[in-house]
Each structure stands twice: as structure tokens, then as C-alpha cells.
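Asks: Here the protein sequences line up with chains A and B, keeping their order.
Take the first sequence: its position 168, counted from the start at 1, is 168 in the working numbering, and no numbers get skipped.
Take the second sequence: its position 135, counted from the start at 1, is 135 in the working numbering, and no numbers get skipped.
It cannot be assumed that every hint is accurate.
Calculated Cβ distances over 12 angstroms to all of chain B for the following chain A residues [stated by the list, open to error]:
1) ASP75
2) GLN88
3) ASP143
4) LYS171
5) ASP198
6) ILE288
7) GLU341
8) LYS403
Which stretches of chain B does chain A cover? Using the computed rule of at least three CB atoms under 8 angstroms from a CB of chain A, they are [to be verified]:
9) 57–71
10) 260–271
Residues from chain A shown here face chain B by an in silico Cβ test under 7 angstroms; the list is partial [stated by the list, open to error]:
11) THR33
12) LYS207
13) ILE210
14) ALA217
15) PRO237
16) LYS248
17) ASP268
18) ASP387
FYI, nobody ran anything at the bench for these hints, they're computed from the structure.
For each residue, glycine too, the CB sits at the ideal point set by N, CA and C.
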Amino acid sequence: MKKAIITTLLFGMVVTQAFAADVIKIAITGPFTGGSAPMGASMRDGAKLAISEINAAGGISIGGKMMKFDVTERDDEAKNERGALIAQELASMSDLSGIIGSVNTGVVLAGDKHFQEKGITKIITPAAGSASMTQWSKAGVKDNSIFRFAAHDGIQAAMVVEEAINRKLLKVALFYDSTNYGVSGRDDMLDQIKKQGDKLQVVATEKFNIGDKDMTAQLLRAKNSGAQAILIWGIGPELAAIANGMAKIAIKAPLIGGWPLSMSNFLDNAGKNGNGTMMPQTFIEEPITPKAKAFIQGYHKAYKVTRIPSPVSAAQGYDAVYIFAAAVKQAQSTDTHKIKEALEDLKEPVKGVIATWQKPYSKWDPANYDTHEAFRRDQVVMGMVKDGHVVFANDADRQRLTKSATEVKGKKAK
Amino acid sequence: MHESVVAQMVVSGALMGLVYALIAYGFQLTYSTSKSINFGQGELVMVSAFICLSILNFGIPYWLMVPLGLLCGSLLGLFVERAGVRLALEQKSEGWILLTIIIGLLFFSASENIWGRDDRPFPTPISSEAIQLFGISVTPVEISIAAGVFLIMGMIELFKRKTLLGKAFEAVSADRDAAELMGISATRTVMLSYSLSGMVAALAGILVAPITTVGPTMASALVLKAFSVAVVAGLDSGFGVVLIGLFLGALESLTSYYVGSGWREAPGLILLILALAVRPTGVFGKAQIRKV
Numbered sequence: 001m002k003k004a005i006i007t008t009l010l011f012g013m014v015v016t017q018a019f020a021a022d023v024i025k026i027a028i029t030g031p032f033t034g035g036s037a038p039m040g041a042s043m044r045d046g047a048k049l050a051i052s053e054i055n056a057a058g059g060i061s062i063g064g065k066m067m068k069f070d071v072t073e074r075d076d077e078a079k080n081e082r083g084a085l086i087a088q089e090l091a092s093m094s095d096l097s098g099i100i101g102s103v104n105t106g107v108v109l110a111g112d113k114h115f116q117e118k119g120i121t122k123i124i125t126p127a128a129g130s131a132s133m134t135q136w137s138k139a140g141v142k143d144n145s146i147f148r149f150a151a152h153d154g155i156q157a158a159m160v161v162e163e164a165i166n167r168k169l170l171k172v173a174l175f176y177d178s179t180n181y182g183v184s185g186r187d188d189m190l191d192q193i194k195k196q197g198d199k200l201q202v203v204a205t206e207k208f209n210i211g212d213k214d215m216t217a218q219l220l221r222a223k224n225s226g227a228q229a230i231l232i233w234g235i236g237p238e239l240a241a242i243a244n245g246m247a248k249i250a251i252k253a254p255l256i257g258g259w260p261l262s263m264s265n266f267l268d269n270a271g272k273n274g275n276g277t278m279m280p281q282t283f284i285e286e287p288i289t290p291k292a293k294a295f296i297q298g299y300h301k302a303y304k305v306t307r308i309p310s311p312v313s314a315a316q317g318y319d320a321v322y323i324f325a326a327a328v329k330q331a332q333s334t335d336t337h338k339i340k341e342a343l344e345d346l347k348e349p350v351k352g353v354i355a356t357w358q359k360p361y362s363k364w365d366p367a368n369y370d371t372h373e374a375f376r377r378d379q380v381v382m383g384m385v386k387d388g389h390v391v392f393a394n395d396a397d398r399q400r401l402t403k404s405a406t407e408v409k410g411k412k413a414k
Numbered sequence: 001m002h003e004s005v006v007a008q009m010v011v012s013g014a015l016m017g018l019v020y021a022l023i024a025y026g027f028q029l030t031y032s033t034s035k036s037i038n039f040g041q042g043e044l045v046m047v048s049a050f051i052c053l054s055i056l057n058f059g060i061p062y063w064l065m066v067p068l069g070l071l072c073g074s075l076l077g078l079f080v081e082r083a084g085v086r087l088a089l090e091q092k093s094e095g096w097i098l099l100t101i102i103i104g105l106l107f108f109s110a111s112e113n114i115w116g117r118d119d120r121p122f123p124t125p126i127s128s129e130a131i132q133l134f135g136i137s138v139t140p141v142e143i144s145i146a147a148g149v150f151l152i153m154g155m156i157e158l159f160k161r162k163t164l165l166g167k168a169f170e171a172v173s174a175d176r177d178a179a180e181l182m183g184i185s186a187t188r189t190v191m192l193s194y195s196l197s198g199m200v201a202a203l204a205g206i207l208v209a210p211i212t213t214v215g216p217t218m219a220s221a222l223v224l225k226a227f228s229v230a231v232v233a234g235l236d237s238g239f240g241v242v243l244i245g246l247f248l249g250a251l252e253s254l255t256s257y258y259v260g261s262g263w264r265e266a267p268g269l270i271l272l273i274l275a276l277a278v279r280p281t282g283v284f285g286k287a288q289i290r291k292v
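Generate the whole structure from the sequences, applying the supplied hints.
Replies: Structure representation (C-alpha cells):
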């Protein structure tokens, strides 16, 4: 009897082992419900589109064996405590190859230490708050298994401030929400204003809470202080409340801010009051290249939509999976530590929908967090809201991206 | 310039305050007849708003949706009374506190599963284009909130004063036992008060949804403020609730203008503590003499 049990147990272990060895287990985490859901769900769907393409092609060959991706999804509901629990759970899985996801900076700060402790590879996308990566430089960790695939707030804040300066505006009001993301975005903007030569005078600094609907007080303060632009860092439908409030008390100043201004719940709830709003974007839902066209059509078809809820998140989720897959292929292993090493030194360029990624990451250097950041200034463009869609704010960007894609296509045909 | 800022802040804040007052009025209606309140009132607001959105999505025009929505609201109110309050009251227990909270949670989870957790826009034929009234910007949607609040409260107060059924309502509020001896069914009256309270919640949902958008958490912030209003005003007077609601709303927006947006919630809380310390029965409450 005893023997039988032991045999069964052993057999069971062998079987699970065999199963585990056949797939590359990755987890996708993010808010799939609630105010941040357009970003979380688009990121997930973009990532899953890439995964289904890879799996449909047979998977990735590791040691002569074709392996497919196996996805675990976790909804963190944009709540820090939920994110921490999920991170603990995932960190305790022994056969997990990596994690892709996180939209909210607070969630990243609450959870990522569990991955870092065990050296589990994670690619953060699309959370942009600076603290997600600077926390590791500040802690001075020697080795880091956390990578980011998003235009971090440092870049975005620089672009927002630059836009205001280029328009020859002098007085600005800073608006931010009370989340980790909002507060660190405000600091980034103040930082950038100083760095770019103090050309902007901050005449009002206004805070709002998640769930606030009436922004009249903050907006009136901005208006009466003579602000010529409202620079905003926030997440979720409150941004729409601001755009609507601006229309109500007739503020004509432009609204410029972080990339969540491109989310569908901003576009829908602000309606025509959103027109002209500008924000940095890594991807614009326009089929300017064959790759982008295929991606947009694929997404629309797979998820039965006519507009991607958050195109930036979807494209980043998609490209992040291809970069991760390239690392798995180069490492020839599903071991998360080996994948990390491969990510730090990717030999082959990865063709993504946003760009062709040449060595997106390098060996972690605590003095320079850019080593684990994939995006640089020239991969980010200004987007502008036009009748419920985000379009290129500057036609020059559009032409530049179209051109660079055709050049790459000529070099490396598939 | 300065006066116009104050006026603008007072008007904008007071309009939000009317929403707090309308929700608090729902507490007041049931408290007067049964000395119980529905702690799930916020969820009732939210579920009604979702139901109204679904009705609109069926292609039913807005103005037909309003009475249908109000009807659904009063049915939901009756459900709360039957499932959560009646038994507890019959046994003279305080079980309704927990039961109404639980029913609220049930509504919350049910709507998350039926309608999802996203915030959705609520279409309305009333324009949200701002218009100028005496130098103050208001949107017709905001005016519709004020009109709706005063209309429904006026109608319910008239009903209580002018009709036989309404007088029974007042009688039960004044003295339940004496009213029962006069042949008025207290149970029926409590049912009536809960269905009115549900109707008020549904109206609150319809009125605020264009501003708050419709989502499971749409009323959670509002209902907390409504509690403050109800406690500060006292639960005996419908008009007291309106006055305190207006006052609190205006105070909030003035504070966030003059002191800073981070301090918005502070005056309401200070007011609440003061009211509890100085006038526990509320500013407009009547001290009750309990005969033992």
C-alpha cells in the first residue's frame, strides 16, 4: 500500500516535471477591471496577441524542442495591496520564466521587491512612474531582474515641459492626482522645468483625488492665477472631469500631460472637450507601417473592437512579449535567471510594432537606471486628441516613423 | 472678480451638496418611520444607475426611462425592507444594520458581475455645455440636479402633508404605537418609506450619473458625505438635510479654493465632530425623550 502511494507520488512528480518542461510559463499582471482597465486589458490583449502568434508558429525552439508559452493572468485591480499579494504568489512559483505587466506605479512599488529578491525576471509595461526603476538605483542593488518597457516619466515630463516652452507659454499650472504616479509625476515636471532653464513659471499646483468629480475649485485657482497651460499627471476618469470642468469655466489653455490622457475612458468621457489635449505616446493607432497595420488589424479582429482602448499599452505589451521571447531563444532555457542575462545582452534585433529593438537593455548599473530602460526620447512622439482618437501631433514624427520602418524593412526582409 | 469667484465656488459646491442632501434624504425618510436606515443606500444609487443605463441601451427614450428607473428604485427599496429590515424590526433587534450592509455588498458584487467594473458614460439629452447665469458658469446638467432634487423632495413633502396616506406616514413618524392604535398599519408605512427612499436613490443615480459616470464605486464617495450631512443635520427634518447639504458642499469647494485642494474633505469632518460634540441630535434634530 505504502509502496503504491510512493510510486504514485513519484510518478506524479515525474509527470508534472515533464509537463513543466514543455512550456514557457509566464505571468501577465495588471488591472483588468476598474479605472485603469483600458491600459491593463489592452496590455494583456496585446501581449496575448503576440503569444498566440508565437504559439501558432510552433513556439520557440529550445535545445531542439519546440516550446510554447503558457500564460497565467492576475488582475491586481490597480490596488497596491492586491499587487503585493499577487507578487508573493508568483514569486513562490518555482517554474515561472518571467512576468510581464503592471500599470500602476504604486502596485510596482508594493510588489516588485518579491521578484527582485528571488531574481525573477519581470518586464514592467506600461507603468511609467519614475520610482519603479529609480527605487533600485537608490537602493544600490548590484543585480536587478526588473526591466522596463515603457516611456518612463522622466522622458514624458521632459516632453510635456518642452511642448509648453515651444509654444512660448510662460505661466503653467501643475495638476496631479494623489496616487504614487501623480505625485512622482509632479516632481518630474518640477525637475524638468528647472533642467530646461526655468522658463516656465508655476503659478498653481493643484491636487485631486481618485473619484473626484467636481474640479471647479482647482481649475478656478489655475484660471485666476493666469495659467496659460495646464500640465497634468493623473490616471483614470478624473482626467475627463478636468477637461469637462475646463470647458465649463471657459479655460482655453491647452491641457498637456502624461500618456494616460490617451485612454479610452478619457476620450469617451471628455468627448469634444478632450480635443487638442496632448500627451507623449509610444504608439499611435494609425497604420503607417505594414507591421503596424497588421498589428492593428489583428487586434481589432481578435478582440472585436474598432478602436484599441489604449493603443500604447497594447503595442508595448506586444513588443515586450517579442523581446522576452528573443531572450528565451538566446538563453536556450526557460530558467528565469538565464533569461535575465540574455535580456541584458540581446544579440539579435527584435522586430516590434513600435520599433526594431537593437540591444534594448544592457548590464544593470545602479548608477544608471537607463541600463534597464528600453525607451529613449526618439522612440516617443507627441499625440493629440482629435474627435475621440489620438493622432500624431506633429506630422514630422509621422513621416520620420514611416521612413525608418521602410528602411528597416529593406534591410531585413522576412 | 473676487465676488464672482466666491459665487462660482459656492454655486458649484452647493450643487454637489444637493446630491449629498438627496442621498441623506433617503436616510431621513426611512429613519422617521422605522428608526432604521439603509446602510446600502449608496449601492442602491449605483444599481439604479446601472439599471437605467441598461434601459437606455434597450433603446427606450430618456424621458420614459426616468419613471421606469424610479419604479425599479422603489422596488429595490421594498426588497431591502422585506429582506433586511422587517424581521429585525419585528424582533426589536438592531440586526438591520448588518443586514442592510450585507444587501449593499450583494448589490455591489452582483453589479460587478452583471455590468463589469468599468466606469461608463451615461448619455443624457440634457446638455453639459456651460451657460452663464449672473456671471457664474453652470451646466444644464447641474441645473437639472438642483431641479430634480427640489422637485422630488417637494412632492414627497407635499404628499406627506396633503394626502391621507401621507398623514399616516407622519403619524407613524410621530408615534408609532399611538398610530397603530388608531388603526394605521406601521408595517405598511415602513414599506412605503423604504420604497420612497429607493425611489429617491434611483433619482440620485439618474441625476448624478452624467457627472460621475456609471461604475460600481460611483456612489461610495457621495454616500460618505451624505452620512455626514445626515448626522450634522439630524434625521428629523428633510429641509434641514437640504440646508446642511448645500452648506457642506459650498464649504468644501471654498476650502479647496482658499486653503488648498488637499484640504477639501477637512471641513466636513470637523463639522461632523463638532456636531457630535455639541448637538448629538443634529442641528435640526429634536431631542427625544425616552420614557422608561
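Asks: Closer than 7 angstroms between Cβ atoms is the bar; does ASP268 (chain A) clear it against chain B? Give me holds or violated.
Replies: holds (5 angstroms)
Asks: Verify that the Cβ of ASP143 (chain A) lies farther than 12 angstroms from every Cβ atom of chain B, and report whether the claim holds or is violated.
Replies: Consistent with the label, ASP143 (chain A) stays out of reach of chain B, its closest Cβ about 38 angstroms off (over 12 angstroms).
Asks: Measuring from the C-beta of THR33 (chain A) to each C-beta in chain B, is the shortest one below 7 angstroms?
Replies: Holds. Min distance 4 angstroms.
Asks: Holds or violated: the stretch 57–71 of chain B covered by chain A, criterion of 3 or more residues with Cβ-Cβ distance under 8 angstroms?
Replies: Coverage by chain A is violated for the stretch 57–71 of chain B (0 residues, Cβ < 8 angstroms).
Asks: Can we keep the ILE210 (chain A) interface hint, with Cβ of chain B closer than 7 angstroms?
Replies: Result: violated, 9 angstroms to nearest chain B Cβ.
Asks: Hint check: is the beta carbon of LYS207 (chain A) less than 7 angstroms from a beta carbon of chain B?
Replies: holds (5 angstroms)
Asks: Take the shortest C-beta to C-beta distance between PRO237 (chain A) and chain B; is it under 7 angstroms?
Replies: holds (5 angstroms)
Asks: For the hint on ALA217 (chain A), just tell me whether its beta-carbon gets within less than 7 angstroms of chain B.
Replies: Result: holds, 4 angstroms to nearest chain B Cβ.
Asks: Would you assess whether ASP198 (chain A), listed as outside the interface, keeps its beta-carbon beyond 12 angstroms of every beta-carbon in chain B?
Replies: Given that every Cβ of chain B is farther than 12 angstroms from that of ASP198 (chain A), nearest at about 24 angstroms, it holds.
Asks: Taking the closest Cβ pair, is LYS248 (chain A) under 7 angstroms from chain B?
Replies: holds (4 angstroms)
Asks: Just want to verify: ASP75 (chain A) was marked as not at the interface with chain B; is every Cβ pair farther apart than 12 angstroms?
Replies: Incorrect as stated: the minimum Cβ-Cβ distance to chain B is 9 angstroms, not above 12 angstroms.
Asks: Quick check for students: does the CB of ILE288 (chain A) sit more than 12 angstroms from each CB in chain B?
Replies: Non-interface label stands for ILE288 (chain A): nearest chain B Cβ at 30 angstroms, farther than 12 angstroms.
In terms of the numbered hints stated before, the structure departs from hints 1, 9, 13, 18, listed from lowest to highest.
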